[in-house]
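There are 2 protein chains.
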Amino acid sequence: MTEAEILERLKRRMRSSRHSRVVMGIGDDCAIYRGLGAAEDLLLTTDLLIEGVHFLRATHRPADIGHKALARGLSDIAAMGGKPSFCLLSLALPKPISAKWIDSFYSGLLKLAAAHGVLLAGGDLSRAEQIACDIVCAGTVPRAQALLRSGARPGDSIYVSGALGGSALGLATPRGAAQRRHRRPEPRVELGQYLRKTLHANAAMDLSDGLSIDLARMCRASETSAAIDRVPRFPGATMEQALHGGEDYELLFTMRPEARVPAVFRGIPLTRIGTMLKGPETRVLLDGKPLPVLGHDHFRR
Amino acid sequence: MTEAEILERLKRRMRSSRHSRVVMGIGDDCAIYRGLGAAEDLLLTTDLLIEGVHFLRATHRPADIGHKALARGLSDIAAMGGKPSFCLLSLALPKPISAKWIDSFYSGLLKLAAAHGVLLAGGDLSRAEQIACDIVCAGTVPRAQALLRSGARPGDSIYVSGALGGSALGLATPRGAAQRRHRRPEPRVELGQYLRKTLHANAAMDLSDGLSIDLARMCRASETSAAIDRVPRFPGATMEQALHGGEDYELLFTMRPEARVPAVFRGIPLTRIGTMLKGPETRVLLDGKPLPVLGHDHFRR
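If you read the sequences in order, they're chains A and B.
Counting from 1, one number per residue, gives the positions in the first sequence under my numbering.
Counting from 1001, one number per residue, gives the positions in the second sequence under my numbering.
Treat the hints loosely; a few may be bogus.
Distance condition first, Cα-Cα at most 30 Å in a straight line; then the derived DSBU-like pairs of lysine-lysine [to be verified]:
1) B:1100 x B:1197
2) B:1011 x A:83
3) A:11 x B:1083
4) A:95 x B:1197
5) B:1095 x A:83
6) B:1083 x B:1095
7) B:1100 x A:11
8) A:95 x B:1095
9) B:1095 x A:11
10) B:1011 x A:111
11) A:278 x A:289
12) B:1278 x A:11
13) A:100 x B:1011
Don't read these hints as lab results, they were simulated from the structure.
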């Protein structure tokens, strides 16, 4: 089974997902909760980080692991144009683990939290054989203003922030900028809010599993196809890494065709990579040829 | 290290926990979020359920595991007098796991969700070597009305719902009522709302780790001590199991001394077990003698 199939099995078992307060459920970067009388919508997302899957204790420093655990959640908030607010941390630890490891993990996480004004508001602790961490991130957007995956329209220009493939390269490289990108991804929180408030993007999501799979997900949600003809590559990354590598945590977004998008936002390049086409077949074309969907899937055989 | 020590290390590293919207952070059953202009507070809690720690695949049916994963979160919402609203599910699964196992897990979880009007609104999926599940539960209470652990006052009567030790007995017993209690705990959701709305309890929490440790936690939060002289035992449970056994998911609550509490609420006995005393030493006495704190702690040596 693939992740998509496991999710499909779940959706088939769920009743109709109408709910008086949850205005977006499964299917986007965050769930959206609209409190009675509230001026703002609350975005909520949860992200696992698991030893042996997302990191190795031998090669990943605990402070980097703490940083990445929170960065993944903040990136989901950024993808919807949200302002991060607070987080909850569920942490399962093997019994022989040093106080130093725990302190360093907390340091990495709390430093990133402080940089974004995020309060650690609760969580859970358990034993486990592998380190397992689940971060719940919450953020706010003005009512009904969240950027969605499903907002892309045929004719929209498709953009990505930054350069892709850096994290995949860093996973294979012991040092340098790519290695730092892999260890300490920077969630594009300010950019996400800029896309919502100033550029009025039609759709956005974060690139966590690779451009090929994530763009296909956006197409599916928006009932569009996509034709791309360029991909900004991280220095040294292969085209393969840029197209299919995960964990870049850049933003993928679409704009109405006449919109003007600056080339750079606060030092981060914004690159037009292609155009959304009429769906509903959700094909992704690179230079006119079908792009295989090879991004990260935990359960692909 | 104990869980309390790991939490203490975290608290020491956190800046002051003042936050404009999180009115309750670490230290109670749920975090409390107060949205701008919102009529209701949002309760949020996260609970891990881990193979080899909380259950064994060989002896626990997947539907029971799904049930218990959500029941733990609903019990935290109940403890604060909340109305459950929605949940998020983070699920890490070993690669060779059957579609049947997954379907059955979902069934157990979604059946309990439907019974309480809870929507599964999102989550995350990952691989892992052990099954690990983290449930985020959200619920609502009218603004500033949540029941807290810290609300107990000297002189308050202390109560528990139901009978204790059933889950500990069930863990050791292959069948019968105690086994069902262990496999399918029923979160006291209606009771929690009744304690808040009708009985106006001063303090409440759920009994997840055992009366001795949980009552000590309430005393610490409220800066009280407690003297108890009776404990309602689950049929067949030992005094040891009733005092220190975890996972009963009954409610512990305190009432001003003059309050009238019915003996039974919807079939669930409500038993006065003792009295809160002046703190701040947070001692717990049983029949006048100090009660050792032997409830469940994942990290105790």
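Hints and how they fare:
Between residue 1100 of chain B and residue 1197 of chain B, the direct Cα distance comes to roughly 42 Å. Violation of the 30 Å bound is thereby established for this hinted pair. As the CA atoms of residue 1011 of chain B and residue 83 of chain A are separated by approximately 24 Å, the hinted pair is consistent with the 30 Å bound. Simply put, residue 11 of chain A and residue 1083 of chain B have alpha-carbon atoms about 24 Å apart, close enough for the 30 Å limit, and the pair holds. The suggested pairing of residue 95 of chain A with residue 1197 of chain B is violated, with an alpha-carbon distance near 42 Å, which exceeds 30 Å.
Restraint check for residue 1095 of chain B and residue 83 of chain A: the C-alpha separation of about 36 Å exceeds 30 Å, so the hint is violated. Restraint check: the Cα-Cα separation between residue 1083 of chain B and residue 1095 of chain B comes to about 36 Å, which exceeds 30 Å; the hinted pair is violated. Between residue 1100 of chain B and residue 11 of chain A, the direct Cα distance comes to roughly 15 Å. Compliance with the 30 Å bound is thereby established for this hinted pair. Proximity of residue 95 of chain A to residue 1095 of chain B is assessed by CA-CA distance (about 24 Å); at most 30 Å being required, the pair is judged to hold.
Proximity of residue 1095 of chain B to residue 11 of chain A is assessed by CA-CA distance (about 21 Å); at most 30 Å being required, the pair is judged to hold. Straight-line distance between C-alpha atoms of residue 1011 of chain B and residue 111 of chain A comes to about 14 Å, which keeps the hinted pair within the 30 Å bound. Straight-line distance between C-alpha atoms of residue 278 of chain A and residue 289 of chain A comes to about 16 Å, which keeps the hinted pair within the 30 Å bound. For the hint linking residue 1278 of chain B to residue 11 of chain A, the alpha-carbon distance of about 52 Å lies beyond 30 Å, and the restraint is violated.
For a cut-off of 30 Å, the pair hint linking residue 100 of chain A to residue 1011 of chain B stands: about 15 Å separates their Cα positions.
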